[in-house]
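Please construct the entire structure, taking both the sequences and the accompanying hints into account.
6 protein chains.
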Amino acid sequence: MKISNADRARILVHALPYIQQYNGKIVVVKYGGNAMINDDLKDSVMRDIVLMSLVGIKVVLVHGGGPEITNLLQKIGKKTEFVDGLRVTDEETAQVVQMILAGKINKNLVNLIQARGGKAIGLSGADGHMILAEKKDERLGYVGDITQVNTQIILDVLEKGYIPVISTVGCDKQGNVYNINADTASAKIAGELQAESLISMTDISGILKDKDDKDTLISSVNISEAKKLIEEGIVAGGMIPKVECCVNAINWGVKKVFIIDGTIPHAILMETLTDEGIGTMFTKGE
Amino acid sequence: MKISNADRARILVHALPYIQQYNGKIVVVKYGGNAMINDDLKDSVMRDIVLMSLVGIKVVLVHGGGPEITNLLQKIGKKTEFVDGLRVTDEETAQVVQMILAGKINKNLVNLIQARGGKAIGLSGADGHMILAEKKDERLGYVGDITQVNTQIILDVLEKGYIPVISTVGCDKQGNVYNINADTASAKIAGELQAESLISMTDISGILKDKDDKDTLISSVNISEAKKLIEEGIVAGGMIPKVECCVNAINWGVKKVFIIDGTIPHAILMETLTDEGIGTMFTKGE
Amino acid sequence: MKISNADRARILVHALPYIQQYNGKIVVVKYGGNAMINDDLKDSVMRDIVLMSLVGIKVVLVHGGGPEITNLLQKIGKKTEFVDGLRVTDEETAQVVQMILAGKINKNLVNLIQARGGKAIGLSGADGHMILAEKKDERLGYVGDITQVNTQIILDVLEKGYIPVISTVGCDKQGNVYNINADTASAKIAGELQAESLISMTDISGILKDKDDKDTLISSVNISEAKKLIEEGIVAGGMIPKVECCVNAINWGVKKVFIIDGTIPHAILMETLTDEGIGTMFTKGE
Amino acid sequence: MKISNADRARILVHALPYIQQYNGKIVVVKYGGNAMINDDLKDSVMRDIVLMSLVGIKVVLVHGGGPEITNLLQKIGKKTEFVDGLRVTDEETAQVVQMILAGKINKNLVNLIQARGGKAIGLSGADGHMILAEKKDERLGYVGDITQVNTQIILDVLEKGYIPVISTVGCDKQGNVYNINADTASAKIAGELQAESLISMTDISGILKDKDDKDTLISSVNISEAKKLIEEGIVAGGMIPKVECCVNAINWGVKKVFIIDGTIPHAILMETLTDEGIGTMFTKGE
Amino acid sequence: MKISNADRARILVHALPYIQQYNGKIVVVKYGGNAMINDDLKDSVMRDIVLMSLVGIKVVLVHGGGPEITNLLQKIGKKTEFVDGLRVTDEETAQVVQMILAGKINKNLVNLIQARGGKAIGLSGADGHMILAEKKDERLGYVGDITQVNTQIILDVLEKGYIPVISTVGCDKQGNVYNINADTASAKIAGELQAESLISMTDISGILKDKDDKDTLISSVNISEAKKLIEEGIVAGGMIPKVECCVNAINWGVKKVFIIDGTIPHAILMETLTDEGIGTMFTKGE
Amino acid sequence: MKISNADRARILVHALPYIQQYNGKIVVVKYGGNAMINDDLKDSVMRDIVLMSLVGIKVVLVHGGGPEITNLLQKIGKKTEFVDGLRVTDEETAQVVQMILAGKINKNLVNLIQARGGKAIGLSGADGHMILAEKKDERLGYVGDITQVNTQIILDVLEKGYIPVISTVGCDKQGNVYNINADTASAKIAGELQAESLISMTDISGILKDKDDKDTLISSVNISEAKKLIEEGIVAGGMIPKVECCVNAINWGVKKVFIIDGTIPHAILMETLTDEGIGTMFTKGE
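Protein chains in written order, with this note's numbering: chain Y, 72 to 357; chain D, 72 to 357; chain E, 72 to 357; chain P, 72 to 357; chain Z, 72 to 357; chain A, 72 to 357.
Rather than coming from a laboratory, the hints here were simulated on the basis of the structure. Wrong hints could be hidden among the right ones.
In this list, chains with the same sequence are indistinguishable; a pair is considered to hold if it fits within one copy or across any two.
Mimicking DMTMM-like on lysine to aspartate or glutamate, the simulated pairs with C-alpha atoms at most 25 Å apart in a straight line are [unchecked claim]:
{"#": "1", "residue 1": "Lys-146", "residue 2": "Asp-284"}
{"#": "2", "residue 1": "Lys-190", "residue 2": "Glu-230"}
{"#": "3", "residue 1": "Lys-244", "residue 2": "Asp-274"}
{"#": "4", "residue 1": "Lys-326", "residue 2": "Glu-347"}
{"#": "5", "residue 1": "Lys-244", "residue 2": "Glu-139"}
{"#": "6", "residue 1": "Lys-113", "residue 2": "Glu-163"}
{"#": "7", "residue 1": "Lys-355", "residue 2": "Glu-296"}
{"#": "8", "residue 1": "Lys-206", "residue 2": "Asp-161"}
{"#": "9", "residue 1": "Lys-113", "residue 2": "Glu-162"}
{"#": "10", "residue 1": "Lys-231", "residue 2": "Asp-346"}
{"#": "11", "residue 1": "Lys-190", "residue 2": "Asp-216"}
{"#": "12", "residue 1": "Lys-355", "residue 2": "Asp-243"}
{"#": "13", "residue 1": "Lys-313", "residue 2": "Asp-284"}
{"#": "14", "residue 1": "Lys-282", "residue 2": "Asp-332"}
{"#": "15", "residue 1": "Lys-73", "residue 2": "Glu-347"}
{"#": "16", "residue 1": "Lys-150", "residue 2": "Glu-163"}
{"#": "17", "residue 1": "Lys-244", "residue 2": "Asp-111"}
{"#": "18", "residue 1": "Lys-298", "residue 2": "Glu-315"}
{"#": "19", "residue 1": "Lys-190", "residue 2": "Asp-111"}
{"#": "20", "residue 1": "Lys-280", "residue 2": "Glu-263"}
{"#": "21", "residue 1": "Lys-244", "residue 2": "Asp-346"}
{"#": "22", "residue 1": "Lys-113", "residue 2": "Asp-243"}
Given below as structure tokens:
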């Protein structure tokens, strides 16, 4: 389809009320590893982020890891141990997680943003002691529970006009490194920042009434409905912790939380700057 | 044609480099009376202005008058006098010009911007003694030549986040009011502000090689070419002073000047935020 | 009487405590149409305003209209309609009111202030949507009740060092224009600004115990006394709404409200910067 | 003579252009010991200073000492020594000078300003090492030549809204204290500050053509004329160094320098805020 | 003992946690006259002050007088009068106190700080009307009780990067000068500033259980213990008012108060920047 | 050796002039991999950095890599290729370099600084496109020459009170990652920042006249002497590029450059805050 410049201009104007709604507000985007399926998509997501930043939205990008961690662990011949069926993160594994997240994926995303004309700084849990953690379970090694989120560094970086790009690696004052669940971390960060919204980009459409039928997408739930969907088993398996994070974020003060399919090009812009959402929106109210 | 949200999002992203180019820069928009052909169009232009402001462009809106001045003069039974074939602006006429421009059209445009979510302040030549003038020719009465443009008030208003909406009425320290040519005034203001661009919205497409054939639009000229087009008679009649104003603005330091057809919806956005211009662009260089 | 420079200097020094009392405070001056009796007086009032501004008082000038509105309505042959004995403001009339107030008187006062070395910006209800209004009574047309006063634009302009000169024309988001009672508007504005004082310049001396005897001026009342004066009929006729506005302003948070005779040269300076008031002062009282 | 409030208000307005001329400018006032003839006069001068400060003039008050130094030296039984007919300032004498100037007169003037509603800080040469000095002549002891004037502390204090009250005592990095000529010091300070004017308050009217006839006051001289007056002997005796200081101040960048009779009440206000000077004004030009 | 540079560096690093504890906090140092025993010691104390300022501590120096006041009174032949056995401060005596404190000792300390590379401003009670006072007892003359402490001037001076050096001379709005107890004044100032700590430098080690045995120093007391020590007579004589001042300062909001022996070189640094206190510390709590 | 608190305090005071010299200035510390010999040393260096930051020095920490890169390359079974005897950095190797530097060592140093009470942000070449690079030689792969250093991000981070910790990994706008020589990078960064000094911490004492005799350390050279030492062969082998970097840094505007032995505890403090240098200092002059 050929779209004329007149159409383009009209479409820009239609985005006006959506831009105004978010202008000057903080939006936390959780960009999960499973939504980083190829370089073109990553580039497209970063353009969306730059555009959002340019129209006055204070974007905070929290990213996950994807298969690269597993690849490197295999390459160095690391065997995963299990305790009572649970995967153990020993010190070397925690370091690999940090190297891939903070040393590779983070810097790659920062570079893409800069190359598209944005300004970005990559941050990890150690920077400004942003994410302090402790062991969740001694037997699991360096799997961390967040003990404190210091958002001052995020606010400082936003004030200077940068997009903070955050690897969710935790640390403690003894210099240990922790593997942190990125959904939990982004919900905590968004909550501490009292963000206008948290957008979780993953590879599913949102909550489906029938998980095999994309047409049964539930486009909006409040937190009590969300809890009921878990109880009723409509939300099940790996979706349960994701939905719980969304509910927590709302309880911690985020106004709106979205689960969207980040593998659709420009999903994030469609969700924020056009007239209908494409995933599931969580809100507090009745 | 139905445009999907995916298309909408893609189009927003395509605007990114154009937005980046103007971000933080001053763009003076001259909105001539002959481009104010109906309320819908005016509303559409003001939406464009609000969008430009929201994406970080410092828009300065200079407007003209249109037929409303003539209407009011007729209503009050004012006869226009002529001296040597030239129209005389006596004191009462000058007051009518000011009332229509600063008291009606200006406030109407300000209100439209505010109603679309923008922030605007209406200014006239007296405010901050922005436009000081003197009589061009004693016999013509209060037809003014600009003696001084004080842009401090424009910068103050921009710094506070408002879109200045300017009526080009001049004044002097004795309290007289002057009718000022709006093309000249906007060129001077843009020059003093060292604007990134001046966009003159009128009811013609730009410079045509053959004035009866819209397909002969010259999309770009430098100032020496522009002068030649006048000498050669390709630019003729009422277009001559308009083109001269464009050339002057470039000489006074404006980077790019455009003449566009403001009666086309979203003409200004198409010119600034899409990939091809729709009118004639004037630049300094070879 | 010849006044020596020594006397002049001594008088300046006597003004010191009065200046200190108002330094850095907001003073709203309502300059009614009936106090604009000639150009000399207007010029003299504007000099007073500039002086007050120069000695550190944050002056907000709210002006009324006077006979010029009626003149223009007559000139354009507008017949006033009445409904149940009340004057109707149709759309054309509302536009005339706005043109005269915001397009003529306002710019004239701004120019006078600038010509005396002050810095001024003229504002109307549309600017920054400062005065939002709705119809008071459908049958009366565009006679407006204020629904919202946005003082941010006034504070922004004061912060940049300008004297805001305000026409009390209201607007709504549909672009309609409303005739607003200037006494009510200035009381609301002063209240919202938590002004130190509101000075209402009119053509009467203040409240007289015997309305035919200027020597019976009541120089100070608190708001309960003022209400009693209305009940007792001492304040009657056109004075009733004026006095009610004064009482309202006090209730909305203004510290002191004055009614003074603005036709006396430098009345406003005498009231603020010398040792005795010349009109009636309203305070909160007991 | 009874002066009405109307007269008072008119006189305030007449001061307007004079206030505007000095608004935001630095005026250094040298208040010599011989103009401190009684407490009433001192109080009156301090009121003038507070008024000037309140109308936006950045006043810097440099004071001298008067007979109090001699009194204290006598009381402690200090004999003045002479070398080749010149008075010697030994260390104890220098300390007495500092105690009287910085510890008594300075604090007294600061207190008067504060009591009149002004804000003042007393400064001496040691504060911020404002006045660094060295011995003029080894035999004369601690009679100092200024080696450096650091005006940063004066600007810091002005920026915080205080009137700096300065004792012209010099110091060096070894902790010595120097007696400094106050006329020289105030000229240097005014020069370094690029002051708008320096007003030297003394007990003479200015330069007189015939020193015995007050009616022969020369109200204005440029610096070449001033030098000629010295050469011709019209300026003689103790007036020579005073006039040389005035000439130097002009050469160092002060716009206007005045010698006025500070024993006349409000002399300083008459000079700055009324229409005619009362002393002799020095300017650069022809 | 020869200390190597390696030791020096290690010692600097050991001070790190102590510096961090005080960084950005206000510390009031009371430097009593009896701790000013010679020039070397004074110089050494001023170096400590400059160092504290340089490592980010906001030092406020309050100084006393010492024997110089008595010396000058003797020199001018002033006889001290007594009323009911109490020393009377007549006007002349109060002036002598002010001259010595504000005009000699203060400026000397300021000069020492400046000479060591610090920035200092000397202040007395009159400056910014910092210390307002009234007569404690009519018969004692100008012995003052503090009625008001205005700390704005201290905060202004700190904000500009200066170390305020304060003479505790009081004043009133009539221009009188008062002799004020320096311990009381420094406690009040520290309390008003909500200082992190008040360090009182005197010539005793602190509170001794046995006043003749230095080894019985009590290194830490809370305020209820301190009161008990007075009741029990362990704190006796001249120590009682000193200890009461310490208790008051804690009650007024100072976190920690110290009495230290200021005649020991670098006592103040040892107390603040090393691992063990050298005097008695007062705290609030159990 | 037991050092008393009195000694400690005296040593702090001795550091005063050295602290003053660097206060508010930028000092770039290059912390090479070969000076990171154990965790205790690293911790000790970070304490020094925190102390320098606390006393007002704007420290910029540039770190190298050390043997960890080789370790990881071995673990993943990466074989190094050579072209004409030169080591090739293929894409995978470049990524490993970035992961170790930006993802491991950088975050470890940041964490240590934070754990010692400092504030730090880790930066790499991609952040704010701080280090843009291109291939030095096509055959060597991603070995980069710096094309641009953008120090704005460093200044932004310093202004917010953070210590920037920099990994010298370069990038380009296509998302490639480059191995950059850390000595060159730190010299360029220090030059662009117009740093007061650049301190290169390595594992040698400095320039030795006789490389086998530590007692022949040359403690100070100017840049022409340094060049001569290279010509004469006294500086040889791996020292040549290091010394050339020092010379370049001076030429680019750094005031003083030091090579010191970073394996000596607190070497950096001894160099900056005590009275004698421990390595070789480079200066511009004769």
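Checked hints:
In this assembly of identical chains, Lys-146 and Asp-284 lie within 25 Å of each other by CA distance neither inside one copy nor across copies; the values are 38 Å within and 46 Å between. For the identical chains of this complex, Lys-190 and Glu-230 are neighbours both inside a copy (12 Å) and across copies (17 Å), given an alpha-carbon limit of 25 Å. For the homomeric pair Lys-244 and Asp-274, neither the shortest alpha-carbon distance inside one copy (35 Å) nor that between copies (28 Å) is at most 25 Å. For the identical chains of this complex, Lys-326 and Glu-347 are intra-copy neighbours only, at 17 Å inside a copy versus 39 Å across copies, given an alpha-carbon limit of 25 Å.
When the C-alpha separation of Lys-244 and Glu-139 is checked against a cutoff of 25 Å, the pair qualifies only between copies, where the shortest distance is 22 Å, while the shortest distance within a copy is 28 Å. Proximity of Lys-113 to Glu-163 under the C-alpha cut-off of 25 Å is restricted to the inter-copy arrangement: shortest distance 20 Å between copies versus 28 Å within a copy. Taking the shortest Cα distances, Lys-355 and Glu-296 sit within 25 Å of each other inside one copy (10 Å), while across copies they are farther apart (52 Å). Within a single copy, Lys-206 and Asp-161 get their C-alpha atoms as close as 11 Å, which meets the 25 Å cut-off; across copies the closest is 38 Å, which misses it.
Taking the shortest alpha-carbon separations for Lys-113 and Glu-162, only the inter-copy value of 19 Å comes in at or below 25 Å, while the best intra-copy value is 30 Å. When the C-alpha separation of Lys-231 and Asp-346 is checked against a cutoff of 25 Å, the pair qualifies neither within a copy, at 31 Å, nor between copies, at 30 Å. Proximity of Lys-190 to Asp-216 under the C-alpha cut-off of 25 Å is restricted to the inter-copy arrangement: shortest distance 23 Å between copies versus 31 Å within a copy. For a Cα distance limit of 25 Å, the shortest separation of Lys-355 from Asp-243 qualifies neither inside one copy, at 33 Å, nor across copies, at 33 Å.
In this assembly of identical chains, the alpha carbons of Lys-313 and Asp-284 lie at most 25 Å apart only when taken from the same copy (19 Å versus 62 Å across copies). When the C-alpha separation of Lys-282 and Asp-332 is checked against a cutoff of 25 Å, the pair qualifies only within one copy, where the shortest distance is 14 Å, while the shortest distance between copies is 53 Å. Proximity of Lys-73 and Glu-347 under a CA criterion of 25 Å is satisfied in both settings, with 23 Å inside one chain copy and 15 Å between copies. Taking CA atoms no more than 25 Å apart as the test, Lys-150 paired with Glu-163 passes in both settings, with 11 Å inside one copy and 22 Å between copies.
In this assembly of identical chains, Lys-244 and Asp-111 lie within 25 Å of each other by CA distance solely across copies; the values are 15 Å between and 39 Å within a copy. For the identical chains of this complex, Lys-298 and Glu-315 are intra-copy neighbours only, at 8 Å inside a copy versus 57 Å across copies, given an alpha-carbon limit of 25 Å. Proximity of Lys-190 to Asp-111 under the C-alpha cut-off of 25 Å is restricted to the intra-copy arrangement: shortest distance 20 Å within a copy versus 36 Å between copies. For a Cα distance limit of 25 Å, the shortest separation of Lys-280 from Glu-263 qualifies neither inside one copy, at 31 Å, nor across copies, at 52 Å.
Taking the shortest Cα distances, Lys-244 and Asp-346 sit within 25 Å of each other only across copies (22 Å), while inside one copy they are farther apart (46 Å). Proximity of Lys-113 to Asp-243 under the C-alpha cut-off of 25 Å is restricted to the inter-copy arrangement: shortest distance 17 Å between copies versus 31 Å within a copy.
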